[in-house]
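*Asks:* Using the supplied hints, reconstruct the complex from the two chains, each of which is provided in its own coordinate frame.
Chain order of the listed sequences is A and B.
Following the working numbering, the numbering of the first sequence begins with 1 at its first residue and continues without gaps.
Following the working numbering, the numbering of the second sequence begins with 1 at its first residue and continues without gaps.
Derived from the structure by calculation, the hints contain no laboratory data.
All values derive from a computational prediction rather than experimental measurement.
Treat each hint with caution, since some may be false.
As the list claims (entries may be wrong) - Calculated pairs, DSS-like style, for lysine-lysine (alpha carbon to alpha carbon, straight line, at most 25 angstroms): (1) A:Lys44 <-> A:Lys23; (2) B:Lys221 <-> A:Lys88; (3) A:Lys2 <-> A:Lys231; (4) A:Lys102 <-> A:Lys123; (5) B:Lys221 <-> A:Lys231; (6) B:Lys132 <-> B:Lys221; (7) B:Lys125 <-> A:Lys88; (8) B:Lys225 <-> A:Lys231; (9) A:Lys44 <-> A:Lys28; (10) A:Lys88 <-> B:Lys132; (11) B:Lys68 <-> B:Lys125; (12) B:Lys207 <-> B:Lys38; (13) A:Lys28 <-> A:Lys214.
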Amino acid sequence: MKTWERALITGAANGLGRAFVDKLIADKTEVFALDRLEIDDSLKSNRLNRLRINLIHPNSVNSLILHLKNYAPFDLIIHNAGISATGKFEDISPDAYHNLIKLNLEVPIQMTAQMLNEQIFAKASNLVFISSLSNVVGYPGASVYAASKDAIATYAKSIRKSCLKDGIYVSTAFPGPLRTDHAARHAPRGASAERRMPTELAAELILRDVARNKAHIYPGFAAKASLLAGKVTPNVMTRLMRQIIFEKLDRPVW
Amino acid sequence: MPGNNRPIALITGATAGIGHALAHELSKTHQLILVGRKERGLVSIPEGAAYIQTDLQQVNPALAAIEKYLEHHQITAIDNLIHCAGVGYYRDAFAETSHQIGQMVDVNLLFPSLLTHRLASHLQKARLKNIKGQVTFIGSVAHNGALNMPTYAATKAGLNGLARSLRSEWRDQINVQVIHPGPTHTKMHGEAGYRPGPEAILFVPLKQMARDIAQLIKSNKSPAKIFLLARMKSLFRWSRS
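Here chain B stands alone, though its shape is the one from the complex (with noise of 0.2 angstroms):
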């Protein structure tokens, strides 16, 4: 993208939810390439921005698409990679079924792990002077662990786990941060099988939840929470409109 000088941001899991959500949040500041499951007719996305249409669950189709299409555009350097896609299922450890597990550790973990490792020679290079480039990892208070969905709390400790290391590994060159958003707003509660009851009121909006972790991206904080004091913030801005 010749003459633009805002920084690259390359979004997972664009189409819905937070992912989504940050995509628009972002779109303000950021040059977007935007990576979803979803048909391009089906999806709003920022004006602008650029879309990958690939099926994460299929790991290397989707790592050699994305690679595909920076080579095609000569997009050599990317200043965020901002891994937002998930899959949830709200099981306990004697109904998650094999399908399940397999798909929520290769979406949750092994694909953000790879496409991290594949794209890491493009965030080594800054486009702008003085700013180093930088994964975000969104992670869930669930990596604590959670009774109704054990393989998806344990793939988001995972994520906990990575970016602490790699944080450490790579702190002279590049920024790690992983982010542990609430409960949020999305229909990752329904897909997953789970109708919220009166807690839903704690539940962060999703404009909310992007705004604070576009926030926290540029503060490069690493581990974060994003719960309830976001929730607060929300109910604020609620009665001040």
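The shape of chain A in the complex, shown without the other chains (with noise of 0.2 angstroms):
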């Protein structure tokens, strides 16, 4: 499998993120990992620099290209960081949305345009997203959330030709439930951690599919499952979807 040199992880603290890092060192990628909490580094790598920044902030986001620009070039960078906010659409709050949106979708685009005018790429690199397998499904009980990683996902699609151009390779992962913090705050009540996804193993099959070039990725049997039966009956799983996820939500959380 193909290896990259130095890569940039965000949302690095924990899950599906912490995931990458883990594998990305073992495989001898020098990792810059950012978050806004505190990363772990009790293996005290030499090939893992912490960044510790909240990206929703103003100005964060120029002030980390401008940090990474000593550093460049980057062959891999993995735009991870991400929140939810599940419930009755009208329960939750106002904040959560402008934050999700903010960290979800508009920092991504606002990292990648910046990344790609200050030469951060290396040539022949990876850039990755990743969305949500509720792209082909649907969230009911996640609709802003939903429509975040809709969002992502149509805008590295819409950028993929025009960075091949300058040699960067365009991928978008899809993954379904994984076995996070994250996902068991936001899962409905009594949901079995056993059905979601170990982030080890998310991480080591996405990142098969990146250093394959490949544009979307679904990891996973139960991930392409889900996206052949969201083809075939869209409207369908979304009504399933919301049997399974919003009607059993009890409670709002963000």
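*Replies:* So, in structure tokens, the structure goes:
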């Protein structure tokens, strides 16, 4: 499998982001790991560079890109940072929606536009966006989250050709539910973590397809099956999601 | 507005393009509350329509301005909320500026989400028996991706995703739909930095677009696309007159 020299991962403290960091470090990639939370460095790896930044704050994207210029070029960027808001649409705080749209959609776009212009990317590099399986099945109970994930998928699709001219391969991953604290917080009460994919596996499957420069990545059999079902009977899938998620959510969470 | 039994439609982006044409189309059947950026004196609005001047780029002040208007006029129910306001820039991924990106995300996606959220209780109160309140998002065929309008396309995909999930959530209470117009004869292209070439022959005239949108609002179809068929219909109309 292709390996990378220098990677940037956002949302790297926990969950899928952390799994990307661990896998890449094991593959001897120099990793710049970014999060608003403290990133654990118990392994004391000299390949891990930790950046503690809240990307929602004004000017943080500008400062970040200026900082990254000192270490460029990067040959792998993964826009993984993201938050959710689940519950009845009208019960969720508007500030939560503001932060969600900013972090899940605007930040990756702002970062990408600036990185493209500041020559942060190496030749033959990979740029990865994390969307969601909700893109194919819908997500009643997390409508604005679904909006943000559909939006980032279309952004990635729209820039793919332009980026290819500069030797940048754009990939979008559409993972299903993952075994993370984030997923547990937003899942309906009583939902089993067992059915969610471990992040180590998700990270491995996604990176494998990124290495192949794949445009759309559906990690695992369940994700691929949902893709097929979502294409064939999209309304049925959305109705199903309503039953298994929205109708079982007992409180808003953000 | 006491004594008037027509349904109330609140339309954003009502001073230009599709929103403006739609306002004129719906003035036949609805009481109108129109929202736009331009000064009242510079805008032609249908007789009897109310007008709230506010800049949606200032998201929170705009929400407050609309809420203040509704409170002041004791309007507690809205039958149709129609999101037409939108900003676009015809530039590829390398050329979009930070300001433009922020503007498109705020006006095209964040504001419609927050306004829908703010007016949820107004929409829940049906003014006419057995007819539900309805939210209509005006998207774009660009929601499937557009090389030269990546952020614009993204925000329209966002509206599509929002409408899909919210329509399911609210299915028993409020109708939610998204309509995706194809290229239309408006000033938006010029303002976005795009000079149409011979392909402009395919663009749908505004009046036809507004008619089709009004029809789709009645039928609550979602998602709906208005493109070549509308163009053909308008050609037929022209040749008949």
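*Asks:* With reference to the structure, classify each hint as holding or not holding.
*Replies:* Structure-based check of each hint:
Restraint check for lysine 44 of chain A and lysine 23 of chain A: the C-alpha separation of about 15 angstroms stays at or below 25 angstroms, so the hint holds. Proximity of lysine 221 of chain B to lysine 88 of chain A is assessed by CA-CA distance (about 23 angstroms); at most 25 angstroms being required, the pair is judged to hold. A threshold of 25 angstroms between alpha carbons decides the hint, and for lysine 2 of chain A with lysine 231 of chain A the separation of about 31 angstroms lies outside it, so the pair is violated. The suggested pairing of lysine 102 of chain A with lysine 123 of chain A is violated, with an alpha-carbon distance near 29 angstroms, which exceeds 25 angstroms.
This hinted pair checks out: lysine 221 of chain B and lysine 231 of chain A have alpha carbons roughly 19 angstroms apart, not beyond 25 angstroms. Note on lysine 132 of chain B and lysine 221 of chain B: the hinted pairing holds, with a Cα-Cα distance of about 14 angstroms set against a maximum of 25 angstroms. For the suggested pair lysine 125 of chain B and lysine 88 of chain A, the alpha carbons sit about 17 angstroms apart, so the restraint of at most 25 angstroms is met. For the suggested pair lysine 225 of chain B and lysine 231 of chain A, the alpha carbons sit about 18 angstroms apart, so the restraint of at most 25 angstroms is met.
Among the hinted pairs, lysine 44 of chain A with lysine 28 of chain A is consistent with the structure: their alpha-carbon atoms are about 14 angstroms apart, no more than 25 angstroms. Distance hint between lysine 88 of chain A and lysine 132 of chain B is fulfilled; the C-alpha atoms sit about 18 angstroms from each other, no more than 25 angstroms. Pair hint lysine 68 of chain B plus lysine 125 of chain B holds up; C-alpha atoms about 18 angstroms apart against a cutoff of 25 angstroms. Taking the CA atoms of lysine 207 of chain B and lysine 38 of chain B, the gap is near 21 angstroms; set against the 25 angstroms cutoff, the hint holds.
The straight-line distance between the Cα atoms of lysine 28 of chain A and lysine 214 of chain A is roughly 22 angstroms, inside the 25 angstroms bound, and the hint therefore holds.
The structure shown violates the earlier hints numbered 3, 4.
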